Each structure stands twice: as C-alpha cells, then as structure tokens.
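Undergrad: We have chain A; now place chain B onto it with these hints.
As a plain string of letters, each chain reads:
There are 2 protein chains.
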Amino acid sequence: MPVGTQGTVKGVLPDDVRAAGFNLILGNAYHLHLRPGDDLVAQAGGLHRFSGWQGAMLTDSGGFQVFSLAGLRKITEEGVRFQSHIDGSMHHFTPESVAAIERNLGPDIAMVLDECAPYPCPHDYARDSMRRTTRWAERALADHTAHDSVAAGGWEQALFAIVQGSVYRDLRTESAGELVDLGFPGYAVGGLAVGEEAGQRRECLEWVTELLPLEKPRYLMGVGTPIDILDAVERGVDMFDCVMPTRNARNAQAYTPEGSLNLRNARFRTDFGPIDGECPCPVCARHTRAYVRHLFSAKEMLGPTLVTLHNLWFYAGLMQAIRSALSEDRLPAFARAYRNRYEAADPGCADE
Amino acid sequence: MPVGTQGTVKGVLPDDVRAAGFNLILGNAYHLHLRPGDDLVAQAGGLHRFSGWQGAMLTDSGGFQVFSLAGLRKITEEGVRFQSHIDGSMHHFTPESVAAIERNLGPDIAMVLDECAPYPCPHDYARDSMRRTTRWAERALADHTAHDSVAAGGWEQALFAIVQGSVYRDLRTESAGELVDLGFPGYAVGGLAVGEEAGQRRECLEWVTELLPLEKPRYLMGVGTPIDILDAVERGVDMFDCVMPTRNARNAQAYTPEGSLNLRNARFRTDFGPIDGECPCPVCARHTRAYVRHLFSAKEMLGPTLVTLHNLWFYAGLMQAIRSALSEDRLPAFARAYRNRYEAADPGCADE
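Same order as they appear, the protein sequences are chains A and B.
Per the numbering used here, the very first residue in the first sequence carries number 1; after that it's consecutive.
Per the numbering used here, the very first residue in the second sequence carries number 1; after that it's consecutive.
Just chain A, same shape as in the assembly (with noise of 0.2 angstroms):
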C-alpha cells in the first residue's frame, strides 16, 4: 500500500497511483479526523470519494502517529488524551471513538486503536501496553459490530487486529493468540521497524505468523525496502504499507532492481538514460537521469511526483513479481536472485 496519509499519495494523481498497479492505499484516522475532520468526509461520501480514489482503502487508527507525540498524550484504561500538532487542541481517543472515525471515513479495512511501544522498551512495559492493546482491540470489534460497520462501498467493513509485544517472544505469543481468539479478519504486526534490528525483526515475525491463521491476511505495518518486504513474505506476511517509495522519492532517491540511486548526484548531470533501463514506467519511458536531476536542482515540483511515481511502479512492480513467484512456487530462487542483485550494487551507489 503507498500511503496516503491526508488523502493523498504526496504528489501524484490518484489515477496514476491506481496506473501503477496498487489496489488498495492507506489513509490515516488520526490525520483525517484532525484536517479535513472525519464528520467532513463523511458529508463527501467517505474518503474514497473525497479523494477521488478509485480503489480500496485502509485506514490506520493513528495509534502509531499519537505515540509518536511524546510529552503531548496521556494513557489510561479508557484510551489515550493528546494534543493536535497542528493547533494544539486537546483530543481523546478511545478504541470506539477511533471505530466511529472510521466509520466516517468508511474504508474496507479499518484498524483498531493500539499502542506502538517504543523500542527499545522493558519487559513489563511492553508486556502492559501490549495487554492494554489487546483489550482495546476487544473493545473495537465489540462497538464495530454493535454498529455493523460497513464501508463507504456499502459491504462490510474489515477490523483488523494489530499484534505488539515489543521484542519478546512470550509477549508475541500472548498477543497472537488472545487477538487470534477474539476472531478478526486479519492481523496486523505492529511495533516492528521502529528501531529494531533486522534479525529481531525476522524472528518476531517468525513467532507471531505461525500463529495466525493461515487463511487471513497478515499485515506487516510500516515496512520497508524492498529486501526488508522479500525478509517479511517469505515469512508469510501477506501486506504491506510504507512511506519510503514516496518519502525517499521527494529526497531524490530511486529504486532499481540494483539498489537505489540518489539522483540528486553529480554523476547524473549527463546521464541521458532512464532511471532504470528496465522499468515500464511513464518517467522511465519518456525522462532521463540528468532531467530528474536538474528538476531537484532547480527545486521544480516535478521532480519529487516523477521519483515517485517511478518508485510506486518499482513497488507494484517487485509485489507483482514476488506474487508470481508465490503462485509458481519459486518464491526462494526468486528471492536469492533478487537480494543478489539488489545488493551487490556498486556500494557507492545502493549506499546514497
């Protein structure tokens, strides 16, 4: 999933991001009821409408953006009282108000309020939190179905669960199976990529997928590089959202199949050739390394929406190829292939 956390993938058309092959974007509940406000885009017809996006849409429940506002939020039992960063006005969210939010917005998945510990993090912290965050999420899908949450499309509304327990296995197990009991329609993993290292990561996501059920969708929440999305499905992790194919494309930097490039570098000034000489892109068919790089040198808004659309191409484009791999069963010869190449880019440039 590109993100698109005010209702709009930073710099491109909807339409674009749909040409590029994704399906499904994610919008994000703490923003949208902040700017424009929940109760608007609800007046518009959900935020499908409001976007004017012609897919399907995932809501976070803004767990992840209110605990990142260290200082400004208070948890208790009841939920979590914070203050806007854009006014400072005082908010409280609980796992039902957050529901109601997405009711409002109306996207076909929804995710329930949680806690992102921060790493690192002690045992009876995360143990806390991740317990408090398993209650909650009973609370949401108890007030989802009271309200027989559907989405702006008119069918039902999927709430997704999200599994923490920081590092620790015990926690990562506790987590999974009470949210596998309570039944939902997918899992989210959250509280990875903030910190960790890659190993822990893996082996968290090796404890928490065996125990989820094999027919719902596993969701891996803010991940990542491409080798970091490799790591993760042959793990079983079915989804994905991250800001780095769009926020990196703003900083210049594009993906290859070996590596990324920041084309902001001198060596570009006459580089005639396409970002990547194998990509089926509208940048790459019709734009060069050096005009990418004079557009970020003369800070011309094109040059962040060409990067990004590039980028949400090189995405789409290595999940199309890794679901091929899936459904031909070569998922493993395709992946060390892949990594191989990847990484064995001139250092100098897979590093910028």
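Read the hints as simulated data drawn from the structure, not as lab findings.
Bear in mind that the values here come from a model prediction, so they are computed numbers and not experimental data.
One or more hints might be untrue.
List of simulated lysine-lysine pairs, BS3-like, C-alpha gap at most 27 angstroms [unchecked claim]:
{"hint": "1", "chain 1": "A", "residue 1": "Lys10", "chain 2": "B", "residue 2": "Lys10"}
{"hint": "2", "chain 1": "B", "residue 1": "Lys299", "chain 2": "B", "residue 2": "Lys10"}
{"hint": "3", "chain 1": "A", "residue 1": "Lys10", "chain 2": "B", "residue 2": "Lys74"}
{"hint": "4", "chain 1": "A", "residue 1": "Lys299", "chain 2": "B", "residue 2": "Lys299"}
{"hint": "5", "chain 1": "A", "residue 1": "Lys10", "chain 2": "A", "residue 2": "Lys216"}
{"hint": "6", "chain 1": "A", "residue 1": "Lys299", "chain 2": "B", "residue 2": "Lys216"}
TA: Frame of chain A, contents of chain B only:
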C-alpha cells in the same frame, strides 16, 4: 503557451500538458543557460527531448529576466552584462550569444534579445532602448542566418523580433516599421503588461498590429487574464504566453467561465461540486472544491498540481473557443457574451 521557464511547466507531467490541448510551450534561455546549461541541453538532444515534451517549443531570450535584475546589470551597445540570480556569477548576453544559446536549446521558435523597458519610462529612454533593441534584432537575424539555425526537430528555427517603444505611438510605429522591413517570420509585442493601464495596452496594440503583416504570427508577451486575451485577439493578436494559469494555481486560484475562485476560501470547505461544472478536465471529473481546499490547507503538493491542470484545460478551452469563433466569423458576439458572464460573477468571487 503555458510557461515552462526551467524546462517544466511547474507541477504537471508534459503529457498532461499535451492532453490539456497545448501544442506549444515556452522555455527561457536565461534560466536554462544558467541551469542546467544550454550545452547540457544540447547534449541531451535539445530542450524537447531533455524535458520530455512531445510538442513544439518557443524560448524567450531572457531579456525580460535580465532587465528585471535592477542593479545587477549593465547595458552597452554590445549587449548586457549581469549577475546570475542563482550564484552571483557574471554573465554577458549579446544578440549573437543568445542566438547561440537558442541554437543549443533547439526550440521551434526563438526570440531575439531585447530590452524590455520599465514602466513608466521617459520618452528619451524608451526611444534609445527601442532603437538599440532594433539594432540587436538586426544582429540576431544576421547571426541566425549565418548559422542556418535549425530547431531540434531538424527544420528551420523561426526567429521572432520584438516590438518595443513603451506607450509612445511614435516609438511603437518606428519599432514595428523597422522590424517589418528586416523581414522576420513572426513578431512579438514586448514591454506591455508591465504596469500600464489596460486602456493604454489596448491602444498600443492597435498602433502596432495594424503595421504588422497579416500573414505572420503576432505574439503578445506575458498576457494575461481571459479578458486581456480577448481584448488582444480583437486587436489582431495570435499568440500569448502567461504564467497566470500556472502561478495562480499554486496559490489556489482556479479559473471558471464565471471568474476566478480562491479555493483556500472557507466557503469551499463543504462544497462537494467540481471546480467548474462545465469543465471537461480530469480534475473536474474526479475532484471537488472541498478536496482541493483540504489539499491546500494541508500543504499537500497535489493541491497546486490539480489546480494547475484545471487552469491549463481552462485556458486551452478558451483559446479553442476563440479559434472557433474566429473561423465562424462570430468573434464579437462570442467576446461580448464571454465578458458579460466572466465579469458579472459575484464580485466576492471574481475578486478573490
């Protein structure tokens, strides 16, 4: 012509500019000489290929930009010495050096180096400046001819002269007469839309256009609002360039047949209609005023992009309607109806 000063119509893909209905866009020799360098653009195969634009190109000489650098430039008979606005480096433009830059850029239409006199301007300054501009035009034409200047497409590059003379009839008459005698393939009217009254501008245009050959294009530089364009077409002008549809878009100003709207205005918060209900553009097909207002409130890049696209379609539609009215010999009735509707709009709307 939409304006693509630095090799991009700001914030929109070149193919989307084409789709709006434009076949000719403007680049700027001054800006492109400084960054990325016209030699680099030549290496890329010219400005069309460098920027991925699949239509025709005109480059302004940059005279207007150079002469706007008050205090940073010195004019002699030879040319003009000035400091770059980017890094303060010293540069020297002569009619011949600008012609050479424009050979590197390879537009289909190149403009001569001129001095765009300020407004207001004493008669003797305007006279000396206009006469030097005429001598420069003669030198540019000689250089252009001596080098068999071709556009990047391989055909002959058209060099347009620029009529100057401020708001003085004797000077405009002298300028137009001498430039016509030199025999250019097209003529621009410069030094207008620099602060004079609309009535003065219309009068100047009448003096000039009656002296220009009917079979050659007349181009009014830097104009303007929809009404300014109608005024000038009625006085025999064929071509225009203006930053209004794009620059104003980045400030949330959208054009409609009933005047322009500032979409930041609070009254659009819950306006779920399109920017312009009659507009065939992809923005009006998909997005609402409320959504565009939200994008500007949230400082999202897509806001400027959507309004730019809409305004380009609006201006392209205006020019197409003018061409139809002309070819059907009903311009006066068209212009009257257009003005009545555009200017009768709620003043709280048109003046925003």
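Undergrad: So, for every hint listed, does it hold in this structure?
TA: Now for the hints, and whether the structure bears them out:
1. Lys10(A) - Lys10(B): holds, 16 angstroms
2. Lys299(B) - Lys10(B): Given that 27 angstroms is the threshold and the Cα spacing comes to 16 angstroms, the pair holds.
3. Lys10(A) - Lys74(B): violated, 44 angstroms
4. Lys299(A) - Lys299(B): Holds - the C-alpha atoms of Lys299(B) and Lys299(A) are around 16 angstroms apart, at most 27 angstroms.
5. Lys10(A) - Lys216(A): violated, 30 angstroms
6. Lys299(A) - Lys216(B): violated, 37 angstroms
Checked against the numbered hints given earlier, the structure breaks hints 3, 5, 6 and satisfies all the rest.
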